[in-house]
Each structure stands twice: as C-alpha cells, then as structure tokens.
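Put together the whole structure using the sequences plus the hints.
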Amino acid sequence: MSLFPTIFLRLLTTLITLFGVAVIIFVIIRVVPGNPIAMMLPPGATDADIQRLQALYGFDKSILEQFLIWISDVVRGDFGTSISLRQPVLNLVLERLPATLELSIIALILAVAIGLTLAITGTRLRGSRFESLIDMTNGIALSLPDFLWALLLILLFGVLWPLFHISGRISPALDLPFTSQFYLFESLLRLRLDLSLDLLSHMFMPALAMAIPLAAIIGQLLKQSLKETMHLDYVTLSRTKGYSENHVIIREALPNAILPTLTLIGVQFTFLIGGTVIIERLFSYEGLGNMAIDAVINRDLPLIQGIVILFALIFTLVNLIVDMSYALLNPRLRHA
Amino acid sequence: MREHRKKTKQRLGIRLWLSGGWLLVLIAIALLAPWISPKNPLEQDLFAARLPPFWMAGAEPGFWLGTDSLGRDVLSRILEGSRIALLVAFIAGTATCLIGATLGMIAGFYRGWADRIISRFVDIWMAFPPVLFAILLVAVIGTGLTSIIIAIVVIDWTRFCRVVRAEAMTQGQMDYVASAQVAGQKRFGIMIAEILPNVIPTIVALLTLEMGIAIIVETILSFVNLSISSDAPTWGGMIAEGRTSIYQAWWVLIFPLIVLFLTVLSFSQFGEGLKDRYDPVLR
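From first to last, the protein sequence lines stand for chains A and B. Here my numbering is used: the first residue of the first sequence is 1, the next is one more, and so on. Here my numbering is used: the first residue of the second sequence is 1, the next is one more, and so on.
Among the hints, a few may not be true.
What the hints assert, rightly or not - Covered stretches of chain B, going by a simulated chain A footprint (3 or more residues, C-beta under 8 Å):
hint, stretch
1, 217-224
2, 238-247
3, 258-266
The set of hints was computed from the structure by calculation and includes no laboratory data. All residues carry an ideal CB built from backbone N, CA and C; glycine is no exception.
So, in structure tokens, the structure goes:
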C-alpha cells in the first residue's frame, strides 16, 4: 500500500473533525441567553432599528439557515463581523494570532531545552542521589498545570523579586517600527535587539509557566528511552572505544532514543497552545486567548466562532504534521 | 533486586501517606469549616481591609492570614473554600470518570462501529481548546455549581475515554479473554468480569488526577468570574482577587495558592501511589 491513500484518508478525517467543531460551536452558542444585539443598541433605539440589526447579523433566520450561510461564508474565508469590536473577525483574529504563535513557540523552545537538559543530566547521573532528585522534580512539575505555575512565577519573579515583566507584550513607552504583528521575529530581522530583549522579558514568565509541565513530560519520556538505549550493544561498543560518557549519551544514544519524544512533543504542543487562553489572561498578554475570553464575556458570537475555528484549525494542522512527519521519519511505517 | 524493590516500596509508602494525609486533613476541614473558621468568611469590614498576616507589623489579632481588600478574613475564606473545591472534585471527578470510562470500555472492547463513532467524537473534542470550551459552556448554561460540574464533565470525559479505550483494547487481545470466550462467557460478561478488574488501577489513578484537575478548572472559572457567585468564598475567586491586588496585599494570593498547590499535588500523587502499590508487576 502506498502512502497516498493513507494521507488522503487522514486529510478527510481532519476535515470531518473541523466540520464537527464548526457544528458543535455553532449549536452551543445559539443557546446563549442574553441578546447580543441588545448590547449594540444606542439608547432610544426603535423596534425597527432592532430588526434591522438582527437582519444585518442574520439572527432573524432559522438556525439551520444561519448555519448554512455561516459555513458557506467561512469556507470562503469570511468569518463575519465582530459585534463588540465592529471589525471583520478574520482581521481581528489574524492580528492577534502572531502574538500567540510567538508565545507558544518560545514556550516550546524552553520546554524542549529544559526537558533535554533534565533527561541528559538524569542519564549522566544515573544511580546517584541526583537522579532521584530529578525524578522527583519531574513528578511535581508534571502534576501541576500551567495555570498554577503561572501564578507562582508571578508571585516570585513579578512581585517578591521583580526580575521580569508580568503584564503585557511590550513596554508601552517604546516606539514600534513594526509593519507586521510578528514583533519578536521582525525585531530580530531588523536587528533591533533592544526591542527583542524587551519582548522576551515580557514573554519569559508566561512561556516558562507553559513550558514547565511539558518539559517534565519530555524529560521523563526521553530519560526512559535513553535508559533503554544505553543498554544496547552499540552504545557499549562506543564506550569501549574510549569515547567520553557525554559523547556516548549525546552523540550515540540520543539520536536513537529521541523518536518517541518527538511524536510526544507534537501532540503536547497542541495542549500548550490551548493553554495560552488562560495564561494570556493571567499575564494580560495581547494574544488570541485573551481576546477569546473577552469575546465570551461580551457575548460576541461571530468572534467566538472565529477564534474557536482558528484554534481547531491550528490543533488539527499540528496533529496532521506530526502524523505525516512520523510516517516520514519512521521507515517501518513508510513501507507499511 | 529485592533490596531495590524494598526501597521503591518505601518511597511509595511515604508518598501515599503524605498525600493521603493532606487529603484527609482537607476533608476534615471541609466538614468542620463552619465550626472552626475563626471569622465569618463573608463578613466585610472596610476598616480592616488588607491587614497583613500575623507576623507582620500592622496585623490585627484574630486575622491570622490577613484580610482581603474588602476586609474579609483570608484564613476563614480558605477553610470555607475547601468545601466547594472538594465538592467539585468528588462529584465532577466521579461523573467524568463514569462517563469517560464507560465510553472507553465500549469503544475498546466492542471495537467496530461503536469505536469509530466514539473515537470520531474524541477527535472533535480534542480540537477544542479546553479552557476556552469550559468558559464558553459556563457562559452559555449560566454560572453555579451544577454548571461547573457539567462543564468539567463535558470537557474532560475524553481523558478517560482515550486511556481506557487503549487499555481495554490491549486487555482484549490477551489469552485470558480468549479462554473466557472459549469457556462460553458472554461478551458483556467478559467485559465486566474479566477486563474491568484489570483496567481498574488505571481508572483509579486517572480518577484522583481528574479530581485535582476539576479543582483547577473551578479555579480558572472563578478566575474569569464565572463560578458559583462572586461572593461565595472559592479558592479561585480569592486568587483572582489576589492577582489584582498583588502589589498591595500579596498574602491574599499566596495562601490560597499554597493550599491549591498542595491539594492538586496530593490528588495526583495519591493516585500514582495507589496505582504503583496495587500494580501486580511491582507488587
């Protein structure tokens, strides 16, 4: 069997998943009590005004009709107009997406760096007291969610020992020369390292909070795989050849032990992106998640729909990429 | 080898005792809260607002852990908040477990169409950002204890479903299942009598973990002002209030946070400990 039917089937299930998300989100928020139109009315609005607005947003049609209109617009890239912000949903969402992506990627980099360090140090010091210390730290880091780590970091490094910013994306006093919303990426390209530094010192706390549980998962799994690999003959051989222990672990064992961890990182990355919703709120970070919570509070139906669909799209795409790259990386699956 | 096993067992024992001990203390506190709270947790006193904890200058006797910006006693609110936290943990945790594990068992054991449908739903559910989903649900069905529990069940059943499904699938391929089939047992009987007992340790570990997660979800909902009611003392509500006055009164945030840390940690460690203790391989 060649790879293409598999890919085709996988794409099809992705589409079904996305369609399911669209249906569920649409149905859920039609149950919302409280008329979103009422919020937009100026004092002294007449019944005719209300009806005009309802017609404008399509609330006067049946649910099935509303859904069909909405879904056909969505497929064409039109997510409607936000009720509370009165701008096209797509523009609003795309404006915030870069901030969330940058934060998630920094968090992922931190998680991988910490996880790798933990696993390698744990393997290097195996059998000693430090190994159990690392295992214990891992266990604790793993059992507490990003929300709690965020609060702890806010207290420790925002208030008691103020080292980092705990609110916002960039210092408001700075002049911004940016033409895109990818501030960090652009500041690096323009070699404005002062701005990059400011952005990073804003991102560090929220990113670290999201990275800690993931780092623990990576550390634990990779250490386990390394442990198994270290018993293999070829590792023993390279040790008898006289290579240092560090060389043996990093150059010989690691490349063979890392595959399960890579898949895990892919899957966990979607959880991390999902975590941005509350983390951005905690750190008043101007990203998609923060906007989502505002949208729910303001009962901004088109905006909520747009954001949820976008999140679902990101999640399914990440999963798709993980599956595909796993098939490519793993020769046994490639020829299956 | 035996020496090593003994050592592992000892460590497991301590973990189980510590986490179990803390949970017992918490249950006792929740049961006795109205009688042991030093103050009325709802009583406001604007003249006693933001009093620091007892060891700092400016503290008032009787307010051991200080007061919040409305002058309410932090310690009493933490004690009272344990009731809602544990209630949510036990009810939402158990309900999530029952629904998720049942669907997981059916999908993993019967396979076929049941599995295809259930798995498709799990996929769809996994494409929602969970926190946003929970916030949205509570915003839609209204705040209150029941809504919070419903929201937790709706967003988290997949956690049980996925794990139990995989476990039931593995168990279903074992020889003992085949021999039960040969012995003429019915499918349903095999699932309940043969497979379920082997999946129970995993379910129990997931259940206690879920109880901790349920408390976190309640906290997050309180944090965005969507929990029980703005004035009922919940840990999440205290944390939200503490976050806004963090520079003026850090104690409003730190004490509920410590309690929350210990509780969530205990739930997960207790589950892991139980699983290891009753794991036939380790035992």
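Comparing the hints with the structure gives:
1. Using a Cβ-Cβ cut-off of 8 Å, 4 residues of the stretch 217-224 of chain B lie near chain A, which meets the minimum of three, so the contact claim holds.
2. Under a criterion of three residues with beta carbons nearer than 8 Å to beta carbons of chain A, the stated coverage of the stretch 238-247 of chain B is upheld, 4 such residues being counted.
3. Counting residues of the stretch 258-266 of chain B whose beta carbon lies closer than 8 Å to any beta carbon of chain A gives 4, which reaches the threshold of three, so the coverage claim holds.
In the structure shown, no violation is registered for any of the earlier numbered hints.
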